[in-house]
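Could you build all of it, start to finish, from the sequences and the hints given here?
Listed in order, the protein sequences are those of chains A and B. Residue numbers for the first sequence follow full-length UniProt numbering, beginning at 1 and rising by one. Residue numbers for the second sequence follow full-length UniProt numbering, beginning at 1 and rising by one.
Think of the hints as simulated: they come from the structure by calculation, not from any bench. Careful, some of the hints might be misleading.
Since the list gives no way to pick one copy over another, a pair counts as held whenever it fits inside one copy or between any two copies.
[Said to hold, decoys possible] Derived DMTMM-like pairs (lysine to aspartate or glutamate); straight-line CA-CA distance at most 20 angstroms:
(1) K157 <-> D106
(2) K13 <-> D156
(3) K157 <-> E70
(4) K157 <-> D95
(5) K157 <-> E14
(6) K171 <-> D114
(7) K157 <-> D102
(8) K121 <-> E32
(9) K15 <-> E139
Keep in mind that this is a model prediction, so the values were computed, not measured.
Residue-level listing of the chains:
Number of protein chains: 2
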Amino acid sequence: MRLRFQRSLDDLKEKLLVMAGMAEQSIQRAVEAYRTRDLSICDLVDHGELAINRFEREIDQMALDLLAMEQPMAIDLRFILAVIKINADLERVGDSATSICDRVRDLQAFPVADLPVDTPKMASLAAAMVRKALQAFIEADASVAESVLSMDDNVDKLNDTAYFTLLNLMKAQPELAPQALNAIMISRSLERVADHATNIAEDVIFWVRGADVRHHSLNSESQSA
Amino acid sequence: MRLRFQRSLDDLKEKLLVMAGMAEQSIQRAVEAYRTRDLSICDLVDHGELAINRFEREIDQMALDLLAMEQPMAIDLRFILAVIKINADLERVGDSATSICDRVRDLQAFPVADLPVDTPKMASLAAAMVRKALQAFIEADASVAESVLSMDDNVDKLNDTAYFTLLNLMKAQPELAPQALNAIMISRSLERVADHATNIAEDVIFWVRGADVRHHSLNSESQSA
Chain A
1 MRLRFQRSLD DLKEKLLVMA GMAEQSIQRA VEAYRTRDLS ICDLVDHGEL
51 AINRFEREID QMALDLLAME QPMAIDLRFI LAVIKINADL ERVGDSATSI
101 CDRVRDLQAF PVADLPVDTP KMASLAAAMV RKALQAFIEA DASVAESVLS
151 MDDNVDKLND TAYFTLLNLM KAQPELAPQA LNAIMISRSL ERVADHATNI
201 AEDVIFWVRG ADVRHHSLNS ESQSA
Chain B
1 MRLRFQRSLD DLKEKLLVMA GMAEQSIQRA VEAYRTRDLS ICDLVDHGEL
51 AINRFEREID QMALDLLAME QPMAIDLRFI LAVIKINADL ERVGDSATSI
101 CDRVRDLQAF PVADLPVDTP KMASLAAAMV RKALQAFIEA DASVAESVLS
151 MDDNVDKLND TAYFTLLNLM KAQPELAPQA LNAIMISRSL ERVADHATNI
201 AEDVIFWVRG ADVRHHSLNS ESQSA
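Structure (structure tokens):
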């Protein structure tokens with residue numbers, strides 16, 4: 001029984017990792033669609049979104065079945081709880097990808113503008129955060145998770161820079177307002193992806209440190225606050 | 001034992017409702033701060049955000065303790081899972097309120113502009129969605145939850161209208177770009193609040209209909225898909 005339960009936990013983890021890969025890919029595709037203005041990539045993102053939504057439901061159901069199966073130990077409970085929360089964040093990473101594609105579609109009506117912001121850099125940072133948060137999850141490593149939290153500051157800074165750079169551009173060249181505004185929105189979506197990665201990292205810390213609290217001394221409680 | 005468990009479920013529900021009230025209030029305050037440009041209200045929102053974050057952790061812990069206490073029945077499991085997910089959404093409603101306050105602070109550097117968008121209307125719609133989603137939760141009423149989903153379309157439309165109206169304004173009067181852009185960002189934050197309300201409503205449906213599937217016939221499965 002216990003062995004089967006452990007195998008089920010592994011299956012759940014495996015499935016969440018597939019979901020994470022899909023979410024990460026959807027962001028990379030969306031930004032590629034933006035860079036190339038290729039709407040066929042947006043169609044892929046939309047298809048991927050349906051698959052991500054289906055995965056989300058399946059993972060929730062697996063988590064629920066595991067909770068119902070037998071009374072899991074505290075550390076397993078925290079793990080399952082972390083999976084449920086990470087699952088929701090990954091689904092919203094997928095939503096951000098479709099939001100970016102909405103902007104790409106909107107942009108088709110306007111000429112290409114060479115904007116002074118590095119959206120692909122921000123995208124690769126945000127995607128790296130998702131990847132690293134999942135690495136922390138795989139390795140149950142709170143210190144890796146903490147490094148994700150500090151990466152978030154960089155994304156925030158890039159987002160702020162993009163905001164003010166593009167605002168000034170709109171003031172100086174109002175005819176570029178549609179392109180600049182779309183770039184601001186995309187930058188905002190990427191910042192949101194980074195926020196989801198941060199949430200995932202926090203869930204990993206909650207899971208790992210919470211487990212520590214249970215396994216070690218009482219005064220490590222403050223550590224996990 | 002069973003009675004104590006039931007009482008603990010009630011406590012959990014109660015606590016989530018307090019959290020929901022705090023989240024709704026934070027949005028109303030943030031929009032009031034925007035309307036009046038009163039930064040002291042933003043300070044209240046920031047303070048409230050700390051309390052919301054603390055509540056989120058406490059609710060998660062209560063949910064975890066309940067799962068650990070005894071093997072809950074399927075319907076209780078779904079309820080607890082819904083609480084965990086709704087909890088995360090409410091915390092992010094609080095985040096949206098602080099995002100709005102960031103924009104209000106940014107706006108202090110610029111003269112007041114009379115913009116052709118009805119932000120308070122959008123705010124009250126978004127807050128009403130949060131309220132209604134929680135009503136659906138209290139009453140375990142999937143049809144109330146479904147009405148939230150249709151309200152979301154209205155908020156999306158208001159957000160789209162604000163976007164294009166303000167984009168045109170920026171093109172025509174680039175000197176108003178900072179104020180217009182802040183209004184777009186606030187409108188976007190409110191749209192996100194509406195998305196969280198939608199997520200909450202979906203969780204209520206998942207909980208209630210999932211329970212139905214377990215209590216009635218097998219072929220009602222398709223109903224909850």
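Query raised in the report: Given identical chains, is K171 near D114, meaning Cα to Cα at most 20 angstroms, within a copy, between copies, both, or neither?
Result: Both: 16 angstroms inside a copy, 18 angstroms across copies.
Query raised in the report: Between K13 and D156, at a C-alpha cutoff of 20 angstroms, which is it: within one copy, between copies, both, or neither?
Result: neither (30 angstroms within a copy, 35 angstroms between copies)
Query - Within, between, both or neither: K121, E32 at alpha-carbon 20 angstroms - result: Cα proximity of K121 and E32: one copy only (12 angstroms, versus 36 angstroms across).
Report task. State whether the alpha carbon distance between K157 and E70 is at most 20 angstroms within one copy, between copies, both, or neither. Result -> neither (46 angstroms within a copy, 46 angstroms between copies)
Query raised in the report: How do K157 and D106 come out at 20 angstroms by Cα distance, when the copy is not named: within, between, both, or neither?
Result: between (26 angstroms within a copy, 15 angstroms between copies)
Query raised in the report: Is it within, between, both or neither when you check K157 against D102 at 20 angstroms Cα-Cα?
Result: This pair counts as between: shortest inter-copy Cα distance 14 angstroms, intra-copy 24 angstroms.
**Report entry** Intra/inter-copy verdict for K157 and E14 if alpha-carbon distance must be at most 20 angstroms
**Finding:** neither (33 angstroms within a copy, 39 angstroms between copies)
Report task. Could you figure out if K15 and E139 sit no more than 20 angstroms apart (CA to CA) within one copy, between two copies, both or neither? Result -> within (16 angstroms within a copy, 33 angstroms between copies)
**Report entry** Intra- versus inter-copy proximity for D95 and K157 (alpha-carbon distance at most 20 angstroms)
**Finding:** Answer is between; shortest inter-copy Cα gap is 18 angstroms, intra-copy 23 angstroms.
Hint compliance for this structure: hints 2, 3, 5 are broken, all remaining hints hold.
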